[in-house]
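Student: Model the full assembly from the supplied sequences, consistent with the hints where possible.
2 protein chains.
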Amino acid sequence: MAKNITPRAKDYAQWYVDVVREAKLADYAPVKGCMVIRPNGYAIWEAIQRQLDRMFKETGHVNAYFPLLIPQSFLEKEAEHIEGFAMECAVVTHSGLAQSDSTGKLQPKNKLEENYVIRPTSETVIWAMYKNWIHSYRDLPLLINQWANIYRWEMRTRLFLRTAEFLWQEGHTAHATAAEAQEETIRMLHVYRDFVENYMAMPVIHGEKSEGQRFPGAVATYTIEAMMQDFRALQAGTSHNLGQNFAKAFDVTFQNVSNELEYVYATSWGVSTRLVGALVMTHSDDDGMVIPPRLAAVPVCLVPIFKKDDEKARVLETAQRLARDIRAQGLDVRIDDRDNVTPGFKFAECELYGYPLRIELGPRDLEAQQAVLTKRYSREKLTLPLDQIAAQVPEMLENIQRDMFDRAKTRLTEHTREVNSYEELKEFMQADGGFALVHWAGDAKDEKRVQDELKATHRVIPMNGVKEKGKCILTGKDSPQRVVFAKAY
Amino acid sequence: MAKNITPRAKDYAQWYVDVVREAKLADYAPVKGCMVIRPNGYAIWEAIQRQLDRMFKETGHVNAYFPLLIPQSFLEKEAEHIEGFAMECAVVTHSGLAQSDSTGKLQPKNKLEENYVIRPTSETVIWAMYKNWIHSYRDLPLLINQWANIYRWEMRTRLFLRTAEFLWQEGHTAHATAAEAQEETIRMLHVYRDFVENYMAMPVIHGEKSEGQRFPGAVATYTIEAMMQDFRALQAGTSHNLGQNFAKAFDVTFQNVSNELEYVYATSWGVSTRLVGALVMTHSDDDGMVIPPRLAAVPVCLVPIFKKDDEKARVLETAQRLARDIRAQGLDVRIDDRDNVTPGFKFAECELYGYPLRIELGPRDLEAQQAVLTKRYSREKLTLPLDQIAAQVPEMLENIQRDMFDRAKTRLTEHTREVNSYEELKEFMQADGGFALVHWAGDAKDEKRVQDELKATHRVIPMNGVKEKGKCILTGKDSPQRVVFAKAY
Numbered sequence: 006m007a008k009n010i011t012p013r014a015k016d017y018a019q020w021y022v023d024v025v026r027e028a029k030l031a032d033y034a035p036v037k038g039c040m041v042i043r044p045n046g047y048a049i050w051e052a053i054q055r056q057l058d059r060m061f062k063e064t065g066h067v068n069a070y071f072p073l074l075i076p077q078s079f080l081e082k083e084a085e086h087i088e089g090f091a092m093e094c095a096v097v098t099h100s101g102l103a104q105s106d107s108t109g110k111l112q113p114k115n116k117l118e119e120n121y122v123i124r125p126t127s128e129t130v131i132w133a134m135y136k137n138w139i140h141s142y143r144d145l146p147l148l149i150n151q152w153a154n155i156y157r158w159e160m161r162t163r164l165f166l167r168t169a170e171f172l173w174q175e176g177h178t179a180h181a182t183a184a185e186a187q188e189e190t191i192r193m194l195h196v197y198r199d200f201v202e203n204y205m206a207m208p209v210i211h212g213e214k215s216e217g218q219r220f221p222g223a224v225a226t227y228t229i230e231a232m233m234q235d236f237r238a239l240q241a242g243t244s245h246n247l248g249q250n251f252a253k254a255f256d257v258t259f260q261n262v263s264n265e266l267e268y269v270y271a272t273s274w275g276v277s278t279r280l281v282g283a284l285v286m287t288h289s290d291d292d293g294m295v296i297p298p299r300l301a302a303v304p305v306c307l308v309p310i311f312k313k314d315d316e317k318a319r320v321l322e323t324a325q326r327l328a329r330d331i332r333a334q335g336l337d338v339r340i341d342d343r344d345n346v347t348p349g350f351k352f353a354e355c356e357l358y359g360y361p362l363r364i365e366l367g368p369r370d371l372e373a374q375q376a377v378l379t380k381r382y383s384r385e386k387l388t389l390p391l392d393q394i395a396a397q398v399p400e401m402l403e404n405i406q407r408d409m410f411d412r413a414k415t416r417l418t419e420h421t422r423e424v425n426s427y428e429e430l431k432e433f434m435q436a437d438g439g440f441a442l443v444h445w446a447g448d449a450k451d452e453k454r455v456q457d458e459l460k461a462t463h464r465v466i467p468m469n470g471v472k473e474k475g476k477c478i479l480t481g482k483d484s485p486q487r488v489v490f491a492k493a494y
Numbered sequence: 006m007a008k009n010i011t012p013r014a015k016d017y018a019q020w021y022v023d024v025v026r027e028a029k030l031a032d033y034a035p036v037k038g039c040m041v042i043r044p045n046g047y048a049i050w051e052a053i054q055r056q057l058d059r060m061f062k063e064t065g066h067v068n069a070y071f072p073l074l075i076p077q078s079f080l081e082k083e084a085e086h087i088e089g090f091a092m093e094c095a096v097v098t099h100s101g102l103a104q105s106d107s108t109g110k111l112q113p114k115n116k117l118e119e120n121y122v123i124r125p126t127s128e129t130v131i132w133a134m135y136k137n138w139i140h141s142y143r144d145l146p147l148l149i150n151q152w153a154n155i156y157r158w159e160m161r162t163r164l165f166l167r168t169a170e171f172l173w174q175e176g177h178t179a180h181a182t183a184a185e186a187q188e189e190t191i192r193m194l195h196v197y198r199d200f201v202e203n204y205m206a207m208p209v210i211h212g213e214k215s216e217g218q219r220f221p222g223a224v225a226t227y228t229i230e231a232m233m234q235d236f237r238a239l240q241a242g243t244s245h246n247l248g249q250n251f252a253k254a255f256d257v258t259f260q261n262v263s264n265e266l267e268y269v270y271a272t273s274w275g276v277s278t279r280l281v282g283a284l285v286m287t288h289s290d291d292d293g294m295v296i297p298p299r300l301a302a303v304p305v306c307l308v309p310i311f312k313k314d315d316e317k318a319r320v321l322e323t324a325q326r327l328a329r330d331i332r333a334q335g336l337d338v339r340i341d342d343r344d345n346v347t348p349g350f351k352f353a354e355c356e357l358y359g360y361p362l363r364i365e366l367g368p369r370d371l372e373a374q375q376a377v378l379t380k381r382y383s384r385e386k387l388t389l390p391l392d393q394i395a396a397q398v399p400e401m402l403e404n405i406q407r408d409m410f411d412r413a414k415t416r417l418t419e420h421t422r423e424v425n426s427y428e429e430l431k432e433f434m435q436a437d438g439g440f441a442l443v444h445w446a447g448d449a450k451d452e453k454r455v456q457d458e459l460k461a462t463h464r465v466i467p468m469n470g471v472k473e474k475g476k477c478i479l480t481g482k483d484s485p486q487r488v489v490f491a492k493a494y
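These protein sequence lines map, in sequence, to chains A and B. Residue numbering for the first sequence follows our numbering, starting at 6 and increasing by one per position. Residue numbering for the second sequence follows our numbering, starting at 6 and increasing by one per position.
Since the hints were derived computationally from the structure, they do not count as laboratory data. Watch out, some of these pointers could steer you wrong.
For chains that are exact copies, the list does not tell them apart, and a pair is met inside one copy or across any two.
[Stated by the list, open to error] Distance condition first, Cα-Cα at most 16 Å in a straight line; then the derived EDC-like pairs of lysine to aspartate or glutamate: (1) Lys-472 / Asp-408; (2) Lys-116 / Glu-93; (3) Lys-313 / Glu-354; (4) Lys-351 / Glu-85; (5) Lys-380 / Glu-458; (6) Lys-431 / Asp-457.
Bear in mind the structure is a predicted one, so any value in this text is a computation, not a measurement.
Tutor: Right under this line is the structure:
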C-alpha cells in the first residue's frame, strides 16, 4: 500500500502529494488550479466545520449566506482591497451560451452591463448589505459568519494548500467602538488557536502580522503560524481588525449612544480547507495519514482475522459486540469484514487512511479473550483483555491526541531559535530552517529583501513573546521584541 | 409588528415577500437575481441540512466537493443536458482585472483558452472524475453527495423560490446494474418524502414526472409535490435515474462480474433552499413565520414580564430555572429579557419569527406558580403549573408538529379532486385551483397546450395512485391511471 508513497526523506513535496492522493483525500480536477475533495478529505473538513461552528456559536455568532458574484465596482470601492485581489479574480462577463451563426459553436451570448467577479473574499458585498441593516447602536454588534467557496486564480496548484477554489468560513462583524472591534479580533484569534491546538493537535505561535503582510484593507492582521515537518511555517488562520475602512468605503454609519452619526467598526476572520493540508504535513508519515482522534470521523478500525467460515462467524460475532460497546461510549468503529483482501492489506489500508486506533481480533485472540490494539501515530502495540477494551478506548484516544500535540510541540520548540545577525539567519535558512526569532524593525521593502535573498518571510510578532529590546538584524534600528522569520507555504 | 405584512387574502404573492423580509429570512442582494440568506433563514437551512445529512449517511452516502467551474466543453458532451442549461449559464471568460491603457478603468485582463460556466448542476464534472475512480464492479456502488451553491441565470427573482444562485445538495451515485440505479432513485425519493413530511410537516404526493418534465439527460425523473396555501404545487425535491447517459458521454466503463466492460449506471437527486420558501408558504400566516418544532433551532421563546426592578429579579430567576429544566430535555430556549421593549412587542416578534411555543411569565404567574403557554400555529393558550412545564414541553412540541402536518394534509386532501374533462379542468383552474386528478395520455406538445391555455402543468404520476384505467381528457387515448395537473411555482 505505502509502496506508492515517496518517503519524506527522499522528496518531501512529493511525499505530501502522494499521501493526499493515495489516502484519497483529494484529486486534481479537470479545471485549471482546482481540486476535488474526496470523501476521506471531506470527512476531515466536516469534523473541522463541526467543532469550529460550535465554537463560533458559543461566542455569539450566527451563520448567513451572501452572493457568490460581486459587482466589479464593489471591489473597487476600497483601494487596497482591489489592489490586493484584482489579478486573482475570475471574471463573469456573459450570461447564456448560444450557437454562433458563423461557426455553429456555442459562444457566450449576452454581454453583462457590469462584470461580476467570483468572490475572492466577501467584505465588499457584505458591507453593501450591512448598510441596509445597521442604523443605530441597537443594531450592533452584528456577529455573522459564512461557510462558503472562494475563488482566487492560482496557477501553481498544491492540493489543499494552494488552489484556485477553496472552501472556508469568513466571519464579518460590525461594532460600535474601536475597542470592541479589537476585542473581537483577538477573541477569534484565540478561538482559532484553541481549535487548532486542541483538535488538530497542531501547536502554533500566535500574534500580529507585520504591516507588509496585512490583509488588503485591514488596520491590523493577526495570525496563528504552525510548523510543518520540513520546518516551514504555515499560516493556519487569520483575524483582521478592519477599523472603519469598509464602513467608509460603503458609507455605513450608525447613530451612537450620544445620538451622533459614526462609521461602524469591523472585523473579519477566516480559516480554510488549507487546514486539511496542514494536518497532513504536521502528523502524517511515510505510510500515510495520521489523523488526531478528535478529528477522526471514525477513530477506531477493527480488523477481524479469519480463514475458515466457522472462524469468521465466531470472530465477527465478538467483533460486533466489541464495536457495539465502543459505540456506546460515543465513538464510531469501522469493522473491516471484507473477504476478498488479506489482513495484511487491511492493516496497511488502516495505516494509509490514518485511523487513530486499530484493533486486531483473530481466533487465537478469541481463545485468550484478548485483542491487539495499535496506535497509528506511534505504532505502539498493546494486548488487552476483551472485556476491558471498550472502557479504555476513550482514554487511549485522548492520550493519543495529547501525545500527538506534544510530539508536534517538541518539533516546534526544537526548531525555533534566537538568531542574532543577518549572516546567522542566512545560515539558519540554508540549513534545516525553522522559526528564527530575530530583532526586526524593517519595513515592507526590507522584508522583500529578506524574502528575495533567503526565501524567508516575516511570519508573526509573537503575542506571548518576551518583550526584550534589541537592534534590527538588517537595519540596526531599535526593535521592541523578537519576531519570527521562516520559509513558508 | 405584523402591520408590515400584507394579508394573504389581499395579495398572496406580496404576503410571501413580506413574511420573508419582515421575519428577516432573506433580503434582495445587490446582484441581479440573487438573494442574501439572513441568519433567521439560514438557521432553517441548517436544520434542514442537519437532518438530511444524517439521513443520507444512514443510507450509506458520503460527502465530497467538486469544482464550482465547469469547462464549457464538458456541458456539451450530453446533448439534452447542454440544451437544458445553456441559456442559464453564467460564463467566466477572463482571469484578472487590470487598468485599461485607454480609459484607465479596470478591465478583464487575460482571456481564457476555454470558457468556464458556473455549475448549473454537477453531473458533467463529477462524471469526468468518476472516469478516474471507477474501473471494476468492486469500485461500485459509489454513493456521493455534495452540499454546494448553484447558479442558473434567472431574471424574475422570488426569494428562496427562484433565484439565480441557490444552495442545495446534489447526490451523484454510480451503480453496476440498471436495477440498482432504479432502486437508489426510489430510495432517495422516499428519503425526501420522509424528511419533508416528518420534519417540515409538509405532506406531498410522490411519483414520476412526465417525459416532458424530465431532468435534461435523465431516463426517469421522480418528484415530491407539495401544495401551498394558494393551492399551487411546489416541486420540493427530485430524484433522477440517469441510466447510462452520463457514463456514455464521459466514457465511464467498468469490468463487471463476468469480466466484460460495461457502462456504469447513474442517479442524481437534489433539494435546495427552495424548501425554505415552501416552508413559509405551507405554514405561515398574516402575523409572520410558523416554524414546525423539529426545524426550529430554538423551539421555545420565554418572555418574562416585569415593571419594577425587584419584579425583574424574581421573574428572571424563575425564567432561568424553567429554561434550564427545558434545556435539560434537549430543547433550546430563548429568554427575551430586553428592558427597552414592551411585552407586547416581544409577543409580536415571537409570532413574526415563528417560535413554535411561547411562555409568558409575570409577577402574578409567579404568585400562582404557573405560566401561560401559547402555541404559535394555532394561538391556543394553556395555563400550566410551573413545575409541570418542562416535562410537558417535549410532548407539546411533538403534538404541534403532528397537528401542523394534519392541517396541511387536510388542505391537500380538500383541494385534490378528480376531474373528468378538459372543460372541467378549465373551470377547476379558473376557480380556486388545486391538484386535479385527470386521465392523461398526451405528449410534451399536449402538455404545452394545457400550460398555455390553463397555466396548469403536469406535476406527477402518483406512485400510490389507484391503477384505474380511463381516457385522456385531451386526446381521448387510453390512460393507465390518473395524474396530477396543477398551477405551480
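Student: Does each hint fit the structure? Answer for all of them.
Tutor: Against the structure, the hints:
For the identical chains of this complex, Lys-472 and Asp-408 are neighbours neither inside a copy (31 Å) nor across copies (66 Å), given an alpha-carbon limit of 16 Å. Proximity of Lys-116 to Glu-93 under the C-alpha cut-off of 16 Å is restricted to the inter-copy arrangement: shortest distance 13 Å between copies versus 21 Å within a copy. When the C-alpha separation of Lys-313 and Glu-354 is checked against a cutoff of 16 Å, the pair qualifies neither within a copy, at 23 Å, nor between copies, at 68 Å. Taking the shortest Cα distances, Lys-351 and Glu-85 never come within 16 Å of each other, neither inside one copy (53 Å) nor across copies (43 Å).
Proximity of Lys-380 and Glu-458 under a CA criterion of 16 Å is satisfied in neither setting, with 43 Å inside one chain copy and 70 Å between copies. Taking the shortest alpha-carbon separations for Lys-431 and Asp-457, only the intra-copy value of 12 Å comes in at or below 16 Å, while the best inter-copy value is 77 Å.
Consistency note: the structure conflicts with the earlier hints numbered 1, 3, 4, 5.
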